[in-house]
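Protein chains: 2
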Amino acid sequence: MQPQGGENERGPTDEEAFQLAAAYVSDAQFARNIPFQTARRCIWYYRLYTRWVTWGPMYVFLALNLALAFLETPAKPQLESPLWVTMLLESLCLVAFSSRLVHLAKFTERSVFWKDPKNICVLVTIILTVIDMVIYVALTHSGYYIVRWSRALRPLFVINFSESRQLRRSFRNIRRTLPEILGVLVLFLFSIAIFSLMAFKLFGKRHLITGEGKPYFQNYFNIFFELYVLVTTSNSPDVMMPAYNSSSWYAIFFIIYIVVNTYLFMSIFLAVVYNNYRKHLKNEVRNSVFSKRRTMAKAFGILRERLGEGWAVSQQSWMQLVGMAVPSMSQAQRLLLWQVSDEEHTGHIGKQAFVRLTDLLNIEVIETRGRQHPLQSCAPRVYSSAASQALRHVVHHRFFRYFFDGVILLNAGFIAGDEASLAIRQAEWLFLGLYVLEILLKLYTYEPQTFFSRSNFWNWFDVMIVISALLATIIVHSTTTSTQILDFLLILRVLRLLRIVESFERFRVVIHTMINIGPTMVTYAGLIMVFYYTFAILGMELFQGKIRFFPAGSADAQPFCGNPLLNGSKFYNEKYCKNNFNDLSSSFVLLVELTVVNQWHVLASGFVAVTNVGARVYFILFHMIVVILVINIFIAFILEAFILEYTLDKGETESAIEKKIQELGLGIAEEDVAGNGMVLVDNMETQDQEPSGVEASKPADSRIMFKISDRRYRTVDTLLQRMFEEELAPEYEGPYDDHEDIDVRPQQLTLDNLV
Amino acid sequence: MQPQGGENERGPTDEEAFQLAAAYVSDAQFARNIPFQTARRCIWYYRLYTRWVTWGPMYVFLALNLALAFLETPAKPQLESPLWVTMLLESLCLVAFSSRLVHLAKFTERSVFWKDPKNICVLVTIILTVIDMVIYVALTHSGYYIVRWSRALRPLFVINFSESRQLRRSFRNIRRTLPEILGVLVLFLFSIAIFSLMAFKLFGKRHLITGEGKPYFQNYFNIFFELYVLVTTSNSPDVMMPAYNSSSWYAIFFIIYIVVNTYLFMSIFLAVVYNNYRKHLKNEVRNSVFSKRRTMAKAFGILRERLGEGWAVSQQSWMQLVGMAVPSMSQAQRLLLWQVSDEEHTGHIGKQAFVRLTDLLNIEVIETRGRQHPLQSCAPRVYSSAASQALRHVVHHRFFRYFFDGVILLNAGFIAGDEASLAIRQAEWLFLGLYVLEILLKLYTYEPQTFFSRSNFWNWFDVMIVISALLATIIVHSTTTSTQILDFLLILRVLRLLRIVESFERFRVVIHTMINIGPTMVTYAGLIMVFYYTFAILGMELFQGKIRFFPAGSADAQPFCGNPLLNGSKFYNEKYCKNNFNDLSSSFVLLVELTVVNQWHVLASGFVAVTNVGARVYFILFHMIVVILVINIFIAFILEAFILEYTLDKGETESAIEKKIQELGLGIAEEDVAGNGMVLVDNMETQDQEPSGVEASKPADSRIMFKISDRRYRTVDTLLQRMFEEELAPEYEGPYDDHEDIDVRPQQLTLDNLV
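Residue numbers (UniProt numbering), protein chains in the order written: chain D, 1 to 755; chain C, 1 to 755.
These aren't lab readings, by the way, just hints derived from the structure by calculation.
Mixed in with the good hints, there may be bad ones.
Any copy, or any two copies together, can satisfy a pair, since identical chains are not distinguished.
To be verified - Think about it this way: if two alpha-carbon atoms lie no more than 27 Å apart in a straight line, the pair counts; the simulated DSSO-like pairs of lysine-lysine are:
| hint | residue 1 | residue 2 |
| --- | --- | --- |
| 1 | K575 | K659 |
| 2 | K575 | K214 |
| 3 | K546 | K570 |
| 4 | K660 | K442 |
| 5 | K205 | K575 |
| 6 | K575 | K546 |
What you are looking at is a predicted structure, and each value in this text was computed from that prediction instead of being measured.
Take the sequences, apply the hints, and build the full model.
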């Protein structure tokens, strides 16, 4: 693992050492895990690789690559594009992916590069896609029909994109959870098989008929399918009725079946998924934390200086390092973090305190300049006048909030009323005016930057809704009225009612928890999307054009969804024709319906009718993979996250920062003004004691205050780390013989050369 | 709290002291918590109260009381009984309950008795029932119709029956979980309300029609109900189709709705229930453990003797005490437990070791007399002959098991075949013969008592099935063939196939876990039953006779379930007429269907059609209480229990016993012979060292061996205690100012008088 270039041997400059250390810190902060060489040119490439100007466009290309399915056949007629367009776009994406790969190769060692399955996978997918494209173009030009199978591989780019760590982790966990699940799954299927056999023998000979007049429970495999559907509860109680109508005792068979298979086995699935996923996740998080610590240790190794017996990093180096690693952080905030790290004011910190920096960086500290209201500076006389003070007092008062809660409730009544009435349309103007007035008054009273600080969800929400409504209303009244804008306006009006929730403490907790775990849920949304996409492509290839939808009153309308095979089927009778695989968006809607589970057997029956009974396999596979596996993982995650939010208070590191903020007298008294979570800078005037460092950096007319963000997690990693915080010893860096993370072995030689 | 009788002051005899101590030990063992006075007569009454001869019949009366609903109007015609029969039976039950209450009053202090809400509740319920019965009889005789409302109160007897601790605990926990849930529930309903308003404004004006040709989303309250149903997924995707058919974009509205309300909110419900229920359960379990320890401390206080600085109980007293408290325990087992308790062989144990006795008693230690096979004693020559040994060797061999696994598989094929064929009917005889042979051979090879020991589930299962099948087959062939017996025989044959599961280690774990948590699930079944019963009585009073079922081809058949209001309704078209509230068993089946959720809105619509829209309240309430609350608690419990079973190994106390068993050389080598979990007493011959105590008590021809039962929990309490074991300090007896458990304050005065 020797550096291969000659550059490294020159001995790095100070600047380069800081560059490298900053790269390590930034890696640790974002839990990046990309193995790069420490030569100067490589670091430069690496820092470019991690800048958003290079990975930002990649997101666009990834999205474009997936979105191509909207344009390719089969697609909605208005979107369907000529072959050369989609081929060109796809080639563009492939070029982008390849160049990203080449960029990566520029700064990683060759042997490491070729050992990483991610890179191999991307490369192979690119090659396969190119081959498929060539064959497809050649054959379609010769008039043959051929399946574009490589489209199903597109999610692989997303998964193996280096920024998709969370997604890869989810997949790895699913893979590891599988063996355990398969055991239960086989037992579960065996149980259905046994019950099916019983049902076959009990009911088969009785020649009962179903509600639709078909023979009931005559064929073993149909029984098996029906009972599988019963586990999903979708055909309950219909599947039981013929038997139950024939004799009440037969209900016992079905009740036992439901208790055993629906309740017991499904709960066991949840338990197995929950237990295993949690176990593997814990392992992953532990590895990730250890890997971060080792990366930080490397940065420490670069900047350390001899201090008595041991090694330490001086305040100056530290400040410079953090300044380079997190350019967006203010001087004052850096000083605060330093003071948290350097607990004993020695001017140096040891390795352990240095390593803790990652955790500190992941806590969102909000910096509030205890600034005066702009009007106070511009027109102090007016702003401080008795009338102005009285006005501000009114806005501060809780009756101001109550009044607008009342307005919202009244508004709800008006919204429910008939829009055609003139009175109601005029009332809408009144309400809009009131809301605008409310915002203006609040802006007059509270300092704008505080009012619009990132953590004030409800203020943002409010302002956005009101401004959008204002714009939409103006558009509606000035131009010809379009239905879309009217609908949009309507939704905005109703959404405004949501604000009432905010007035109740109990609800606020639930809503805040939802907002807090939101970003993490994006990972699971990504996971589901990958499965959806693959199943959608598969479904389109299998079932496209078999079932068609004709809008009511269209000229070329055909009966039975355009397919006589559906004559008399439940699928057609229930008017499900639009649930088809004729384009990507329809497929997605259909897959959502399958995920919700209800009536999935009817949907499946439609596709079975137009193809053959083998189509059931597609639908059963989807149920097993998405509903039993992925949705259970999603539920397990929500369970875990909610229980964490409900039970845990602030983490250790957070409390440390908070304590320090209080110690330094830089805290801000939180006061819930007007119930909207806004922060009043109250101690502005009473403040006297201040640390020298902060003093130096602050502007003359403002004092800097800090506040820890309302328990929001900057990254998914932080949330996960919190889940297992108790079980992670603070210093341990984990075993160094880790196979998963290829870059975490200590490069002692290189580092020692550098220092 | 002074004893009030004069008897207590005489000073108790030694015998009485042991009686009292044994009562305490027995209380602690079964986590009983009944406050009794310590006077001799009271103890006598108390011991009578806890004997099965008194509480056994109570179960019968409780069951009879509930079962009365089968006989009372409305009931199945063949079961409907005259008024005097049910009234007589109910009076009988009330007398039984009253006498139980009087019995309890005999040995509890009056003030304690009247402070216990259980007793008050039972008394009030008895009085209310009597009043209701009198009014009912009077009014029906005068020709008035009146509702027997007190029938809905019957589950109260079950809940307040002193043996239903677990059930009461569940209810207490639900009560405590409610406030937290209500917050989320209100928010959830608010969310539906907002979405309903949006849907009303978006779709109401478009005059769409549903698949059934009815107006779509025209009325706010109907929309609210439809969207509530969508949360349960029951009307997905039907509720979306009209809007989706009109424009694809509308699918987004429904998808967002489903994600927010079905997935997010329902997961939050599960999380809140899980979290709160677990928290309260932990508290309850902690209190129960502390209460047990205090009860044991009382027993210790009675029997303790001075020993140097402290107090201790001698081996002799201990042995006598355990003999009295657990008469069923053998001398040898008692000695084993003593040796576990008295780790240092001092002949005395201190308080802590004494208190541990409860935990020891709750571990099922199986005593195996390493007895020879009876044939060995009867006919040693024959049994030890070369042929016999070869035979036994064959049975021991794994191919013996494989052979019968093959037979079972073959059998499965034959079962699936046509019964009418002669070959198959004859093959059945062959298979039955083979199974009987298998059992006989195993009985020849293995010692019968070991073979039939309580923990060998599969042996029991096997023998029961084969013997039942044998009997049923004989009956079928000797008498006129009845359908019921044929069906029964069929089920037996299919059940036999289950045995194949047992041959796979991976499946065995899941099955064993299911069997292990089985007893605890009975508590939850009881919980559900209480709700079912109350809802069934309520439903029968509200909806009886409104919807009737006429079997196909019956003479007096009427169309539309006997109610013209159902003409054209989906309820009638789907042939749901038999889902009605006309008798208890039909009501139960209907409630199960409502619990399964699917199509519940169709079922509800039927009852709305024959009454009015207010009937929806009944169905929504049922969904909220049973599905959202109770079923989530059930799932939470299964999650917890399964994760416990999967992750934990034996508890501390169990390992202590096991270690002692091994130390004493009394362990039995487990060897899984023929894969059926049977235990081979292999070390019978090699055994040499034995402790004196055990030696004395054992019969000449047998050696006693012990084995800890295969992780089966004797009581629900033990399982629950295991769940929270880590968090319970071993000595701590909990705070003594406990309000919940009224009898656990230390009765120091009384005890000191006794010793």
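Now the hints, each set against the structure:
no.: 1; hint: K575 with K659; verdict: neither (63 Å within a copy, 68 Å between copies)
no.: 2; hint: K575 with K214; verdict: both (21 Å within a copy, 14 Å between copies)
no.: 3; hint: K546 with K570; verdict: within (16 Å within a copy, 29 Å between copies)
no.: 4; hint: K660 with K442; verdict: neither (32 Å within a copy, 75 Å between copies)
no.: 5; hint: K205 with K575; verdict: between (34 Å within a copy, 22 Å between copies)
no.: 6; hint: K575 with K546; verdict: within (15 Å within a copy, 32 Å between copies)
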